[in-house]
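Asker: Using my numbering, you'd call the opening residue of the sequence shown number 137 and step up by one each time.
Certain hints may be false.
Unchecked claim - Below, simulated DMTMM-like cross-link-like pairs (lysine to aspartate or glutamate); rule was C-alpha separation at most 25 Å, straight line: (1) Lys230 x Glu174; (2) Lys230 x Asp216; (3) Lys230 x Asp241; (4) Lys230 x Asp173; (5) Lys230 x Asp218; (6) Lys230 x Glu175; (7) Lys230 x Asp210; (8) Lys230 x Glu208; (9) Lys230 x Asp157.
No wet-lab data here; the hints were simulated from the structure. It should be emphasised that the depicted structure is a prediction, and the values quoted were computed from it without experimental measurement.
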Amino acid sequence: MTFSAMNIGRTGVGLAHHWIDAIAHNMANVNTVTATDEEPFRALRPVATPLGNGPYAETGSGVVVGAQVRQEGDAPIVHDPDHPLADEDGMVQKPLVDMSGQMTDLMIAQRQYQANMRTVESAREAYQTALRLGGR
137 MTFSAMNIGR TGVGLAHHWI DAIAHNMANV NTVTATDEEP FRALRPVATP LGNGPYAETG
197 SGVVVGAQVR QEGDAPIVHD PDHPLADEDG MVQKPLVDMS GQMTDLMIAQ RQYQANMRTV
257 ESAREAYQTA LRLGGR
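Whenever a hint applies, use it, and build me the whole structure from the sequences.
Answerer: Have a look at this one:
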């Protein structure tokens, strides 16, 4: 593949972008409260899948979002009798969002984005240099 470095970097940028969007969605819902008999908000996390799965696939083809997994576990139940969604005992359900984990993921996703953008830029510069050399 002639432009494989650029394509691999491009898919990495796309994955990082999707991950950053998921983190933003999770953080925006950190205060989403539900009734105790409803499903709580659960943070989402994208799972990367390599491109080109199969017996004849070229290795190093990049990645795509293969799935999104939801945070597992029991949602915290808190006493808030004044909340409109509170049950007869005054209990509501908080979301499953770990803010410190989301902030850590955000830093990793930003670095992933930057590294993949640098890969794309380096590949572009190398291709441009090769074209200039070939034109002489």
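Asker: Would the pair Lys230 and Asp157 pass a check requiring their Cα atoms to be no farther apart than 25 Å?
Answerer: 21 Å, holds
Asker: Lys230 and Glu208: Cα distance at most 25 Å?
Answerer: Satisfied, since the Cα-Cα distance of roughly 14 Å is no more than 25 Å.
Asker: Would you mind confirming whether the straight-line C-alpha gap from Lys230 to Glu175 stays at or under 25 Å?
Answerer: Answer holds: Lys230 to Glu175 is near 10 Å, not above 25 Å.
Asker: For the pair supplied as a hint, Lys230 and Asp210, is the alpha-carbon distance within the 25 Å limit?
Answerer: 10 Å, holds
Asker: Do the alpha carbons of Lys230 and Asp216 lie within 25 Å of each other, as the hint requires?
Answerer: This hinted pair holds, its Cα atoms lying about 11 Å apart.
Asker: Is the straight-line distance between the alpha-carbon of Lys230 and that of Asp241 25 Å or less?
Answerer: 21 Å, holds
Asker: Between Lys230 and Asp218, is the straight-line Cα distance small enough, at 25 Å or below?
Answerer: Distance ~15 Å between Lys230 and Asp218 Cα, so the pair holds.
Asker: Is it true that the CA of Lys230 sits at most 25 Å from the CA of Glu174?
Answerer: Given pair Lys230, Glu174 holds - Cα atoms ~11 Å apart, limit 25 Å.
Asker: Need the status of pair Lys230, Asp173: alpha-carbon distance at most 25 Å?
Answerer: 12 Å, holds
In summary, this structure violates none of the numbered hints.
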